[in-house]
Amino acid sequence: MSWTRRYGALIRNAWLIDLQYRASIVLWMLWGVTEPTIALGIWWAIAGDGRIGGYARADFARYFFAVMLVNQLTIAWDSWYLDRWIREGELNFRLARPLHPAHEAVADNIAYKARTASVILVVWLIAAAAWPAVRLPLAPGRWAVTAVAVLLAAAMRFFISFTTGLLAFWTTRATAIMELHAGVSLFLAGRIAPLSLLPPAVAGVAGVLWFRYMLAFPVELLTGAVYGSDAVLRGLAGQIVWLGVWIAAYRVVWTRGIRKYGAVGG
Amino acid sequence: MAPVVTAERLTKTFRVKVRDPGMKGAVQALVRPRNRDVQAVRDVTFAIEPGEIVAFLGPNGAGKTTTLKMLTGLLYPTSGRAEVAGFTPWTGGPECKRRLALVLGNRQQLVWDLPPEETFLLNRAIYDIGEAEYRERLAELVGLLELTEVLEKPVRQLSLGERMKCELAASLLHRPPLLFLDEPTLGLDVTAQEAIRRFLIQYRDRHGATVLLTSHYMQDVTALASRVLMINRGRLLYDGALGALVARITRMKRIELVLGGGDGGRVDAETLAAFGEVKSFRFPNAVLEVPRDEAPATSARILAALPVADLSIEDPPIEEVIRRAFAQGLEEEGT
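Note that the protein sequences, when read in sequence, are chains A and B.
According to my numbering, the first sequence is numbered sequentially starting from 2.
According to my numbering, the second sequence is numbered sequentially starting from 21.
In case anyone wonders, no lab produced these hints; they're calculated from the structure.
Honestly, I wouldn't trust all of these hints.
Simulated DEER-style distance windows between Cβ atoms [stated by the list, open to error]:
1. A:R13 to B:S179: 24 to 34 Å
2. B:T26 to A:W144: 53 to 63 Å
3. A:A145 to B:S179: 49 to 59 Å
4. A:I111 to B:R56: 16 to 26 Å
5. B:N55 to A:T256: 41 to 51 Å
6. A:M30 to B:L180: 33 to 43 Å
7. A:A115 to B:N126: 52 to 62 Å
8. B:V38 to A:W45: 54 to 64 Å
9. A:R13 to B:G150: 34 to 44 Å
10. A:L187 to B:T26: 49 to 59 Å
11. A:E36 to B:T26: 54 to 64 Å
12. A:V27 to B:G150: 20 to 30 Å
Distance condition first, Cα-Cα at most 20 Å in a straight line; then the derived EDC-like pairs of lysine to aspartate or glutamate [unchecked claim]:
13. B:K173 to B:E137
14. B:K44 to B:D63
15. B:K299 to B:D335
16. B:K173 to A:D19
17. A:K261 to B:D57
18. B:K299 to B:E339
19. B:K37 to A:E89
Every residue, glycine too, gets a C-beta built ideally from N, C-alpha and C.
My request is simple: use the sequences and hints to build the entire structure.
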């Protein structure tokens, strides 16, 4: 099986490189934990002993632990890599190989996610042992649906990041566009607050566009905020539609960009 | 034999943004961006037979690397066509890429933080090379390139020469019949340059590979290439043997003398100037330049008239020939 071997070798390489930089692993982990912890701290203080938009302190805790995990499982850094590959000519040798550069990016994502998410999972398990508020009910069905939603979200965020990175074929500001997207998703994807706490118009936009399906929907599935086959199927359908849209966008941008490519440097 | 690489009227035009210097220029570029078309390669046509080693010659920005990148499918041409190992390179896909290797002197595929062997293993998987073949090919490349000592050191600790050798090994594990090398000896010391040249010839002889390379070092060209493609400002100026190019550009030969004998000290520059143009004179060595077809006769006259310990007839240094060729803007008119 040459594809298993190829992916095996790519993932192995990604891990070997990671192991060279233990400090950076710790920094990335801290980054992944800090943002949801700060958001949780704020909502914890605001909620006090009451409820905000149906969320008590324990609900916020569960929500942001789920955000921490799902975000690490779905985040994609590819636009930064692609921007460098294109602007500095590192795409050249990748184009000369009989392997589409996207495969290396996918393998890097798998390697990164397996590494960071497994640590966060351990952190969560330790927290849950000591703190009942962040425990999740044992519900294999829900976990399975969540796994599918996480996979779809990861695929979609990969194509968003990869496609945005490809804009470096035309502009030197591809990463700035990705930063803008990250800024918007802070609110619209549910990273800073559950979507139900946003003004209805804003939450509506998040649900019509792809933002909710990037993060908030799988998080809500995991915490049980979304339930019932109707709501679950609607959410999954939204994910599939937007994944399709981003794959189509990727194809258009790749085919046009590669013709535009200047292959800078040697 | 059918050619393994053909280029027909290959043309690449880049659109580049232009702006005037200073704040005013920056604002103008923002409000009304201006573009200029730069023709990097114009109507380049040639064909390369299997087993040939061909060198691209030309100053920086001549279009050598752009041509190489089109032939390896990295760049789409603006017009014209090319065929490489039976494929159109930019649409040939994986099957085409398996048949070629691209080595870029200043952009490397070796994973910086890991020993080179990890890149080799990665390429084994990417090119789908069987275990036994991999072992055999790696042993051959390690032997020819003398890599035993460096396989386990992280790439960042290797010297430039060691890195280039590993780069070649990584690019040749799938044993491609076609090698495209862009400045493979760039920045290397003389020993490393020679090792690379020796290896390329051995590899060609063993596997019948076709090699197309660009280089700034004339030694690369004289040692390796049976044929040169001279390119300047995107145009192909000359396609043929190096010797024929030299004969064509320079109508002169150099007579190098070592004066000797008892009266040697009495020979002065003025005496020498009677035989030809004195390029240098520092007793007992002298270099004269004379018209090509008169070289034998002049040599005979020098031997008869002067106390000569040694005399040889040479072509002018190849660097000078090439410099002169580009300065004269040699145009190839329908060979």
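Here is how each hint holds up against the structure:
At about 27 Å, the CB distance of R13 (chain A) to S179 (chain B) agrees with the hint of 24 to 34 Å. Between T26 (chain B) and W144 (chain A), the C-beta spacing of about 59 Å keeps the proposed range 53 to 63 Å intact. Taken as a hint, the range 49 to 59 Å holds for the pair A145 (chain A) and S179 (chain B), whose Cβ atoms sit roughly 54 Å apart. Checking the proposed 16 to 26 Å range against I111 (chain A) and R56 (chain B) shows it is violated: the Cβ atoms sit about 44 Å from each other.
Checked against the hint of 41 to 51 Å, the C-beta distance between N55 (chain B) and T256 (chain A) comes to roughly 22 Å, which is inconsistent with it. The given range of 33 to 43 Å is respected by M30 (chain A) and L180 (chain B), whose C-beta atoms sit roughly 36 Å from each other. Here the CB-CB span from A115 (chain A) to N126 (chain B) is close to 34 Å, at odds with the stated 52 to 62 Å. A hinted range of 54 to 64 Å holds for the C-beta pair V38 (chain B) and W45 (chain A), which are about 56 Å apart.
A hinted range of 34 to 44 Å is violated for the C-beta pair R13 (chain A) and G150 (chain B), which are about 19 Å apart. Take L187 (chain A) and T26 (chain B): their Cβ atoms lie about 54 Å apart, and the range 49 to 59 Å holds. Distance hint for E36 (chain A) and T26 (chain B): a CB-CB separation of about 56 Å, consistent with the stated range 54 to 64 Å. Separation of V27 (chain A) from G150 (chain B) is about 40 Å and departs from the stated range, judged on CB atoms against 20 to 30 Å.
For the hint linking K173 (chain B) to E137 (chain B), the alpha-carbon distance of about 9 Å falls within 20 Å, and the restraint holds. A distance of roughly 38 Å separates the Cα atoms of K44 (chain B) and D63 (chain B); the hinted pair therefore is violated under the 20 Å criterion. Between K299 (chain B) and D335 (chain B) the alpha-carbon distance is near 13 Å, which keeps this suggested pair within the 20 Å criterion. A threshold of 20 Å between alpha carbons decides the hint, and for K173 (chain B) with D19 (chain A) the separation of about 17 Å falls inside it, so the pair holds.
Restraint check for K261 (chain A) and D57 (chain B): the C-alpha separation of about 13 Å stays at or below 20 Å, so the hint holds. Distance restraint check for K299 (chain B) and E339 (chain B): the Cα-Cα separation of roughly 16 Å lies within the 20 Å cut-off, and the hinted pair is therefore satisfied. Under the criterion of a C-alpha separation no larger than 20 Å, the hint pairing K37 (chain B) with E89 (chain A) is consistent with the structure, at around 18 Å.
When each numbered hint is compared with the structure, violations occur for hints 4, 5, 7, 9, 12, 14.
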